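Fit chain B to the supplied structure of chain A, relying on the hints for placement.
There are 2 protein chains.
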Amino acid sequence: MADILHKVGIKSSSLDEVYKALATVEGLSAWWTSDTRGESKVGGVIQFRFGAGGFDMKVLELQPGKRVLWQVVDGPQEWIGTKVSFDLKQEGDWTIVLFKHQGWKEPVEFMHHCSTKWGVFLLSLKSLLETGKGAPAPNEIKLDSWE
Amino acid sequence: MADILHKVGIKSSSLDEVYKALATVEGLSAWWTSDTRGESKVGGVIQFRFGAGGFDMKVLELQPGKRVLWQVVDGPQEWIGTKVSFDLKQEGDWTIVLFKHQGWKEPVEFMHHCSTKWGVFLLSLKSLLETGKGAPAPNEIKLDSWE
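Here the protein sequences line up with chains A and B, keeping their order.
Counting in our numbering, the first sequence tops out at residue 345, every number present.
Counting in our numbering, the second sequence tops out at residue 345, every number present.
One or more hints might be untrue.
If chains are identical, the list can't say which one is meant, so a pair holds when it fits in one copy or spans any two.
To be verified - Below, simulated DSS-like cross-link-like pairs (lysine-lysine); rule was C-alpha separation at most 27 Å, straight line: (1) Lys340 <-> Lys264; (2) Lys256 <-> Lys209; (3) Lys239 <-> Lys287; (4) Lys287 <-> Lys303; (5) Lys340 <-> Lys303.
In case anyone wonders, no lab produced these hints; they're calculated from the structure.
As the structure is a computational prediction, the values presented were derived from the model and not from experiment.
Just chain A, with the same shape it has in the complex (with noise of 0.2 Å):
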């Protein structure tokens, strides 16, 4: 099993503002993919859409200011099963997100573009918090020919 690790800071925001951009459809559709659509409560599945193809989450956690977890129920072979969390925590005036997507069988070359996807997106996140704009897809920084 693979994991992919990432962490941002967000400066002079707050546990609760982060928290709602990770926990609503609207705050998940101003930083990661415009398309989202579905139900952010504990038992629902909230779709992601990128054109074409996309995922479907279901809600396993919401725990208000602290964590989010997700399980892949549909989308690529690769990602069926795995599991998406984010932690939070207050450090000074950072509000930090630590992010896993863990459960990978093997470390295809798709996890790879999808590590440095997740990387795009949760700078989009950051600046969505910061500047009050994010970069959600499809206006996100295109990483390869697979785009």
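Positioned in the frame of chain A, the structure of chain B alone reads:
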């Protein structure tokens, strides 16, 4: 053991140009850190400095247009002994860089930080080759209170 993985594609560049940015002190100083010194030859050591701290990398492999491999010989405890590699391939109009920083003993918070930070610097490499302008330290995006 845990690994950091990334992938970036560089448009309208060539294997030779990307290799030069990875295999020469001049190239490295234009996207990773402006304060890069030492000798990029097999068996040589390159010093990468970021303010007070930094990393010393022993060059293990230099395969023109194909692969660069380093081993960390000095720096933060968690980095010592780990290996950093860049594998290159051409796909149509894109030069693809597959990156690995492998051999982390534990997936500590510092590994999360370094994963995102490598993403930031690989976007700087992409920008250098696509636009002529990278964002090496100390002018890169700052991620959190550690910087």
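Okay, the hints, checked on the actual structure:
1. Taking the shortest Cα distances, Lys340 and Lys264 sit within 27 Å of each other only across copies (23 Å), while inside one copy they are farther apart (30 Å).
2. Taking the closest pair of Cα atoms, Lys256 and Lys209 never come within 27 Å of each other, the shortest separation being 29 Å inside a single copy and 36 Å across copies.
3. Within a single copy, Lys239 and Lys287 get their C-alpha atoms as close as 21 Å, which meets the 27 Å cut-off; across copies the closest is 43 Å, which misses it.
4. Taking the closest pair of Cα atoms, Lys287 and Lys303 come within 27 Å of each other only across two copies (24 Å); inside a single copy the shortest separation is 29 Å, beyond that limit.
5. Taking CA atoms no more than 27 Å apart as the test, Lys340 paired with Lys303 passes inside one copy only; the shortest distance there is 25 Å, against 32 Å between copies.
Violated hint for the displayed structure: number 2, the only one.
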